[in-house]
Amino acid sequence: MASLPDVFGVLNEMKAEGVVEDYALGGAMAALFYAEPTRTYDLGVFVILPPSDQPIVTLTPVYAWLRARGFEAHAEHVLIHGVPVQLIPAYNELVEEAITAARNHDYDDVTVRVCPPEHLIALALQAGGGKRRERAHQLLETADIDRALLDEIMSRHGIQGPWSHNG
Amino acid sequence: MGDGPSSRGDRVADVFRAKAEWHRRQARLPIKEKVRILLELQRQDHLLLKQHRQLEWWEEPWRIDS
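Going down the list, the sequences are from chains A and B. First residue of the first sequence: 114, per my numbering; consecutive thereafter. First residue of the second sequence: 1499, per my numbering; consecutive thereafter.
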């Protein structure tokens, strides 16, 4: 049976072969590295794609690379070793920064890049929605957060924190 | 005696403190243990979710080892 390190290995290979410039886990799976476990059924991965002449950002070359290795895309997900992975091209400066600032974590001797918790909070609040606000709150309550760094990120990206009203 | 509003309030505060502490302990578990819990949550919630709405194809418990 496959395991998570197998999935992380594919992500690392994607980066090593230049299919993506860089990647970092985001969303609930990334939050798991810093906060208490919450249920998720997919693994969100932010990617920076290599420079291209194409006017439109497309994941087609990434999907083709994955297909060649037996991992088929179905709509927005690719099933990699039994785990539905959603690849999300960096869609703004905050995401790009979160990928670049990602931390290398060790999981069974396999390195996996994970967005820092301060960026995960900022991303969740920027995207909005109840589930994401809850995740931001959970990270704030239970993870080791550098509040000065978080405030700086939020301010630089013009994100209003739900705690701002209470000082 | 001694079960007035303030002692009840203290007990409630104790419960909330204990709950917050439990959440913090969960957050500090090793990542492999958290993944094991995640896989268990996926299995438990799947049955309930299925009863309430049509699930996406990918909303399935992962068939992996942690």
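Simulated from the structure, these hints should not be mistaken for laboratory data. Just so you know, these numbers come straight off a predicted model, no measurement behind them. Quick reminder that beta carbons are idealized off the backbone N, C-alpha and C, glycines included. There may be inaccurate statements among the hints.
Unchecked claim - Pair ranges (Cβ atoms, derived): (1) A:Ala240 / B:Pro1528: 38 to 48 Å; (2) A:Gln167 / B:Lys1517: 24 to 34 Å; (3) A:Glu130 / B:Glu1519: 40 to 50 Å; (4) B:Leu1547 / A:Arg246: 52 to 62 Å; (5) B:Ala1516 / A:Ile169: 25 to 35 Å; (6) A:Thr213 / B:Asp1512: 38 to 48 Å; (7) A:Tyr176 / B:His1544: 39 to 49 Å; (8) A:Glu265 / B:Trp1555: 15 to 25 Å.
Stated by the list, open to error - Think about it this way: if two alpha-carbon atoms lie no more than 30 Å apart in a straight line, the pair counts; the simulated DSSO-like pairs of lysine-lysine are: (9) A:Lys128 / B:Lys1548; (10) B:Lys1530 / A:Lys244; (11) A:Lys128 / B:Lys1517; (12) B:Lys1517 / B:Lys1530; (13) B:Lys1548 / A:Lys244; (14) B:Lys1530 / B:Lys1548.
Item to check | Hint numbers contradicted by this structure | outcome: Hints 1, 2, 4, 5, 7, 8, 9, 11 not satisfied by this model.
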